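Number of protein chains: 2
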Amino acid sequence: MTDAPEPSATPRPAGAVSDDFHVFDTTLRDGAQREGINLTVADKLTIARHLDDFGVGFIEGGWPGANPRDTEFFQRAREEIDFRHAQLVAFGATRKAGVRVEDDPQVAALLESQAPVITLVAKSHVGHVELALRTTAEENLAMVRDTVAHLRAQGRRVFLDCEHFFDGYALDAVYAKQVVRTASEAGADVVVLCDTNGGMLPAQVTAVVRTVLADTGARLGIHAQDDTGCAVANTLAAVDAGATHVQCTANGYGERVGNSNLFPVVAALELKYGRQVLPEGKLAETTRISHAIAEVVNLTPSTHQPYVGVSAFAHKAGLHASAIKVDPDLYQHIDPALVGNSMRMLVSDMAGRASIELKGKELGFDLSGDRALVGRLVARVKERELAGYTYEAADASFELLLREEVRGTPVRYFSVESWRAIVEDRPDGTHANEATVKLWAKGERIVATAEGNGPVNALDRALKVGLERIYPQLAHMELVDYKVRILEGDLGTGSITRVLVSTSDGKGEWSTVGVAENVIAASWQALDDAYAYGLLRAGVEPQE
Amino acid sequence: MTDAPEPSATPRPAGAVSDDFHVFDTTLRDGAQREGINLTVADKLTIARHLDDFGVGFIEGGWPGANPRDTEFFQRAREEIDFRHAQLVAFGATRKAGVRVEDDPQVAALLESQAPVITLVAKSHVGHVELALRTTAEENLAMVRDTVAHLRAQGRRVFLDCEHFFDGYALDAVYAKQVVRTASEAGADVVVLCDTNGGMLPAQVTAVVRTVLADTGARLGIHAQDDTGCAVANTLAAVDAGATHVQCTANGYGERVGNSNLFPVVAALELKYGRQVLPEGKLAETTRISHAIAEVVNLTPSTHQPYVGVSAFAHKAGLHASAIKVDPDLYQHIDPALVGNSMRMLVSDMAGRASIELKGKELGFDLSGDRALVGRLVARVKERELAGYTYEAADASFELLLREEVRGTPVRYFSVESWRAIVEDRPDGTHANEATVKLWAKGERIVATAEGNGPVNALDRALKVGLERIYPQLAHMELVDYKVRILEGDLGTGSITRVLVSTSDGKGEWSTVGVAENVIAASWQALDDAYAYGLLRAGVEPQE
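Chains as they are written, first to last, in the UniProt record's numbering: chain B, 1 to 544; chain E, 1 to 544.
Hints were generated in silico from the structure; no laboratory data involved. Keep in mind that this is a model prediction, so the values were computed, not measured. Incorrect hints may appear among the rest.
Said to hold, decoys possible - DSS-like cross-link-like pairs, simulated, lysine-lysine; straight-line CA separation at most 30 Å:
| hint | chain 1 | residue 1 | chain 2 | residue 2 |
| --- | --- | --- | --- | --- |
| 1 | B | 442 | B | 507 |
| 2 | E | 382 | B | 483 |
| 3 | E | 96 | B | 382 |
| 4 | E | 361 | E | 382 |
| 5 | E | 507 | E | 442 |
| 6 | E | 464 | E | 442 |
| 7 | B | 464 | B | 442 |
| 8 | E | 442 | B | 177 |
| 9 | B | 483 | B | 361 |
| 10 | B | 483 | E | 464 |
| 11 | B | 272 | E | 272 |
| 12 | B | 464 | B | 483 |
| 13 | E | 507 | E | 464 |
| 14 | E | 272 | E | 361 |
| 15 | B | 507 | B | 483 |
What the hints assert, rightly or not - Only some residues are given here: those of chain E computed to face chain B with a beta carbon under 10 Å:
| hint | residue |
| --- | --- |
| 16 | 240 |
| 17 | 265 |
| 18 | 307 |
| 19 | 372 |
| 20 | 426 |
| 21 | 447 |
Stated by the list, open to error - Simulated coverage check for chain B against chain E, where a stretch passes if three residues somewhere in it have a Cβ under 8 Å from a Cβ of chain E:
| hint | segment |
| --- | --- |
| 22 | 191-201 |
| 23 | 235-243 |
| 24 | 253-261 |
| 25 | 421-435 |
Where a beta carbon is used, it is the ideal one built from N, C-alpha and C, also for glycine.
Sequences are here, hints too, so could you generate the full structure?
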């Protein structure tokens with residue numbers, strides 16, 4: 001179907017998997033369109049390293065020439081990254097209407113990027129050709145033909161993205177297929193059908209891809225957006241119909257709702273289709289790579305992302321827990337270790353003995369031998385959760401409870417005589433927040449006062465001011481998250497308050513819970529647990 | 001296929017859409033299994049009201065008898081909610097092995113819930129029957145037959161959830177289909193095929209559902225989990241194959257990764273399949289309902305959720321922006337207004353003219369005529385929401401803002417000179433909460449002090465003690481719900497606090513919002529708005 005030289009003219013990295021199937025990542029180009037993401041060149045280089053390490057076949061780095069950042073990225077990536085698995089791809093557009101391809105600076109910039117592979121975006125929707133490009137259907141075909149041929153003549157491998165292909169196909173299938181044929185005949189190695197507006201559903205995608213493949217014989221790829229919540233399914237639906245090139249982004253980052261998510265797509269291909277698309281052993285790094293990239297783009301990793309979320313293999317229902325003790329696979333579609341994730345039991349009042357035992361195991365306690373101890377723990381958890389505590393989100397408080405049952409006495413480093421918090425709204429509208437704590441630690445009485453931007457902040461500061469001399473380890477600990485929940489809301493402000501606190505010592509984070517009739521008292525309890533657990537982590541011996 | 005009496009024996013609510021296709025919501029049962037969700041009975045009642053308002057056909061409320069919370073929910077839902085569209089569904093299991101169904105207390109509890117519809121979960125996977133249930137394949141069939149027949153004989157409509165159906169079908173299709181036939185012949189109105197472990201992909205789902213439908217003739221439903229990221233697609237794949245009952249949860253909340261998301265499923269059915277599954281005009285409330293439920297479960301609404309996320313129709317790419325100027329539909333698969341969302345050109349925030357006009361209309365103000373007023377409101381809402389306020393869930397605060405713009409001066413009944421709240425933890429472990437307020441009302445200076453079970457409660461009481469003589473209407477008002485959310489949680493207790501308060505005067509409820517650097521000050525703002533709006537409702541003339 002093409003007279004152009006073999007695409008393999010461009011050398012592929014040593015570790016690259018077979019060219020028969022392409023895992024093409026566009027996190028650095030389409031993913032960067034996500035609201036809230038703003039990547040520096042350094043960020044893009046770091047992400048490129050992670051993606052190459054993961055083993056994708058192609059990394060689309062951006063649009064050289066469109067902005068200085070992308071131009072610099074291609075230059076530095078070439079110099080600084082030794083790609084083991086991936087080929088670097090430059091993204092750009094077909095030549096301008098009525099301009100010789102040799103004279104188009106945008107096309108020239110693509111060659112100057114020295115990327116071995118170039119993805120060209122082209123219109124395949126007649127309406128867009130006329131409305132957005134303001135040119136004729138014929139000229140659009142010439143733009144595709146000229147640009148592909150020109151880049152191939154320069155020894156580059158070329159993929160063609162057919163923007164709005166599915167909408168265009170619905171409007172004028174003949175023209176849409178003409179664009180595919182034109183690109184393929186001019187030497188494009190893959191023609192990528194893009195659901196640019198993300199409105200497609202899997203059954204439609206399978207039908208269209210199957211027909212286009214039969215009618216054009218071109219090698220086809222798929223680029224899906226997630227606007228119907230079906231991007232992953234649409235990507236796989238295209239593969240079912242014969243597409244051998246999938247365009248995805250890490251964690252599904254992308255314009256609007258986002259793009260097809262690289263991780264569930266790759267996991268499905270390897271684990272459900274039995275098709276190896278990553279280098280040996282790389283699938284087990286999925287969770288690590290997903291979280292690492294989230295850190296670079298500075299977005300909290302989604303706790304509920306398929307395969308890689310911390311909740312992806314977390315079990316809550318007692319029904320499930322008892323079955324899982326019999327056989328973990330009863331409630332898991334895969335072994336979490338295959339994607340570098342792990343199973344977690346959530347301790348909640350839905351849980352019974354089974355989940356307590358599994359949770360204890362997770363924390364390094366074998367409770368299976370001591371039925372009485374497990375019984376006491378189940379009873380305490382149920383009683384405490386009835387009172388409003390929740391342990392599924394407060395592992396540290398649960399471990400303190402567990403250790404208290406094991407050693408027979410609470411894990412404490414100081415005792416509280418009393419505390420006081422005052423919030424005052426002044427006539428000038430400003431607020432004064434002051435707290436005083438009276439404590440005993442190592443036989444010494446401590447009285448400390450501090451101000452803060454709120455009563456809890458003031459109490460937190462007073463607590464540390466008072467204890468830091470005795471427990472210097474506290475200096476490295478700070479609250480990193482604070483959540484408040486009002487329970488039995490039908491009692492108004494007279495209701496019970498639950499506070500969840502996350503604390504960090506720079507090396508790790510832990511969560512604690514406090515429940516009381518008012519938010520200040522509940523916060524105090526959570527702070528008390530937070531610092532007790534922090535000192536336990538630091539290896540400090542508790543008081544008897 | 002069944003000799004049992006017509007399922008329609010149970011009366012359906014006046015506003016219910018046709019019974020030909022079921023939108024079945026299980027947010028309150030399966031959704032509650034999500035890590036981090038812990039619903040009170042009050043929360044469940046509020047969510048049920050939102051779902052009924054949205055117009056789903058069935059609301060699965062929980063497992064009566066399994067825990068006191070669910071038992072209480074069914075009793076209160078019956079007494080307190082006047083369902084206009086939905087039928088309440090109780091979830092439970094088939095009878096225990098070797099026990100007469102009449103003697104099974106779990107089955108009795110389902111009848112005692114007085115729910116008109118009951119969903120029974122049953123095993124359809126031979127491995128689970130033996131490993132988890134520890135009984136025989138034959139006894140499992142008898143358990144299904146007896147339980148369905150028993151509940152039907154009591155005049156209940158029965159749906160049967162086949163747990164692990166797809167995995168069971170792969171292992172032993174004959175047995176899996178036997179379970180479907182047995183349930184259907186015993187009078188189950190719908191047999192729901194559950195992908196309990198969420199490992200399926202759409203093509204597989206379509207194939208299995210098509211075969212089971214052909215071989216059994218039973219009315220089939222689908223229950224999909226999102227472990228492959230394909231729950232929505234799997235749900236639609238089952239509909240493609242002839243399923244006429246879809247089980248979903250609001251925002252996809254659920255065990256592990258989550259369940260099939262109600263909103264994209266309903267939007268696809270109405271907008272892509274052209275099948276009306278909600279009462280007239282309800283689809284346009286999708287975004288509002290989605291965000292309101294997120295507030296109730298106290299989870300930040302997902303910004304990138306299909307159709308309803310604030311980013312779902314947000315455009316960043318310059319390429320897109322320019323094309324959108326030509327024609328917005330060039331880069332949108334649907335008109336966002338169809339689901340109550342709106343297009344945004346980044347960077348801006350969520351409040352657009354459309355949503356303001358929609359909210360105004362909700363409150364009985366036709367703003368479409370006054371572009372200047374709408375412009376001022378958009379500006380104020382943007383500025384306030386940027387500061388952390390949210391009007392999604394605080395209609396009363398929004399109405400006060402709106403009226404202030406209309407009349408040119410704030411709606412106020414008193415002015416605040418200053419206030420003070422003190423929380424003291426005494427050596428005996430009890431707490432003292434005291435508040436003092438200094439106010440001006442009708443030219444009079446008021447100083448009042450009160451105690452409460454918390455600082456906010458004490459402020460609330462001091463406010464009422466001080467004002468009741470001047471505004472006796474306050475005596476009938478009381479806080480019925482109180483929620484706190486910490487914004488920018490990564491700043492610990494130093495972050496901004498948002499408080500949402502619901503107040504009732506016995507005849508109705510209204511919600512207000514306050515935002516400040518500490519929870520007490522934020523609560524004060526919400527209380528201030530709450531009583532201002534309450535007096536407005538009571539027809540009291542505001543101060544000039």
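Here's how the hints hold up against the structure:
Proximity of residue 442 (chain B) to residue 507 (chain B) is assessed by CA-CA distance (about 27 Å); at most 30 Å being required, the pair is judged to hold. Only pairs whose Cα atoms come within 30 Å are accepted, and residue 382 (chain E) paired with residue 483 (chain B) is accepted, the gap being roughly 25 Å. Distance check on the hinted pair: residue 96 (chain E) and residue 382 (chain B) sit about 25 Å apart at the alpha-carbon level, within 30 Å; holds. With a C-alpha separation of about 19 Å, the suggested pair residue 361 (chain E) and residue 382 (chain E) falls inside the 30 Å cut-off, and the hint holds.
Taking the CA atoms of residue 507 (chain E) and residue 442 (chain E), the gap is near 27 Å; set against the 30 Å cutoff, the hint holds. A distance of roughly 15 Å separates the Cα atoms of residue 464 (chain E) and residue 442 (chain E); the hinted pair therefore holds under the 30 Å criterion. This hinted pair checks out: residue 464 (chain B) and residue 442 (chain B) have alpha carbons roughly 15 Å apart, not beyond 30 Å. Of the pairs offered as hints, the one joining residue 442 (chain E) and residue 177 (chain B) is violated, with about 77 Å between alpha carbons and a cut-off of 30 Å exceeded.
Between residue 483 (chain B) and residue 361 (chain B) the CA atoms are separated by roughly 27 Å; this keeps the pair inside 30 Å, and the hint holds. With a CA separation close to 29 Å, the supplied pair residue 483 (chain B) and residue 464 (chain E) stays within the 30 Å bound. Of the pairs offered as hints, the one joining residue 272 (chain B) and residue 272 (chain E) holds, with about 28 Å between alpha carbons and a cut-off of 30 Å not exceeded. Taking the CA atoms of residue 464 (chain B) and residue 483 (chain B), the gap is about 20 Å. The hint holds against a cut of 30 Å.
At most 30 Å may separate the alpha-carbon atoms for a hinted pair to count; residue 507 (chain E) and residue 464 (chain E) meet this at roughly 19 Å. For a cut-off of 30 Å, the pair hint linking residue 272 (chain E) to residue 361 (chain E) stands: about 28 Å separates their Cα positions. Annotation: proposed proximity of residue 507 (chain B) to residue 483 (chain B) holds, straight-line Cα distance about 22 Å (limit 30 Å). With its C-beta approaching chain B no nearer than about 6 Å, residue 240 (chain E) sits inside the 10 Å limit, and its interface hint holds.
Interface hint at residue 265 (chain E): satisfied, since its Cβ lies 8 Å from the closest Cβ of chain B, which is below the 10 Å cut-off. For residue 307 (chain E), the suggested interface contact is upheld, since its CB lies about 8 Å from the closest CB of chain B, less than 10 Å. With a cut of 10 Å, the hint placing residue 372 (chain E) at the interface with chain B is violated, because the nearest CB-to-CB distance is about 29 Å. The beta carbon of residue 426 (chain E) is positioned within 10 Å of a beta carbon in chain B (closest approach about 6 Å), and the interface hint is therefore held.
The interface hint given for residue 447 (chain E) is broken, as the beta carbon of that residue sits about 13 Å from the closest beta carbon of chain B, more than 10 Å. Residue count for the segment 191-201 of chain B with a Cβ under 8 Å from a Cβ of chain E: 5. That meets the three needed, and the coverage hint holds. Counting residues of the segment 235-243 of chain B whose CB lies closer than 8 Å to any CB of chain E gives 3, so the stated coverage by that chain holds, three being the minimum. Counting residues of the segment 253-261 of chain B whose beta-carbon sits less than 8 Å from any beta-carbon of chain E gives 5, enough to reach three: the coverage restraint holds.
Only when three residues or more bring their CB closer than 8 Å to a CB of chain E does the claim for the segment 421-435 of chain B stand; here the count is 9, and the claim holds.
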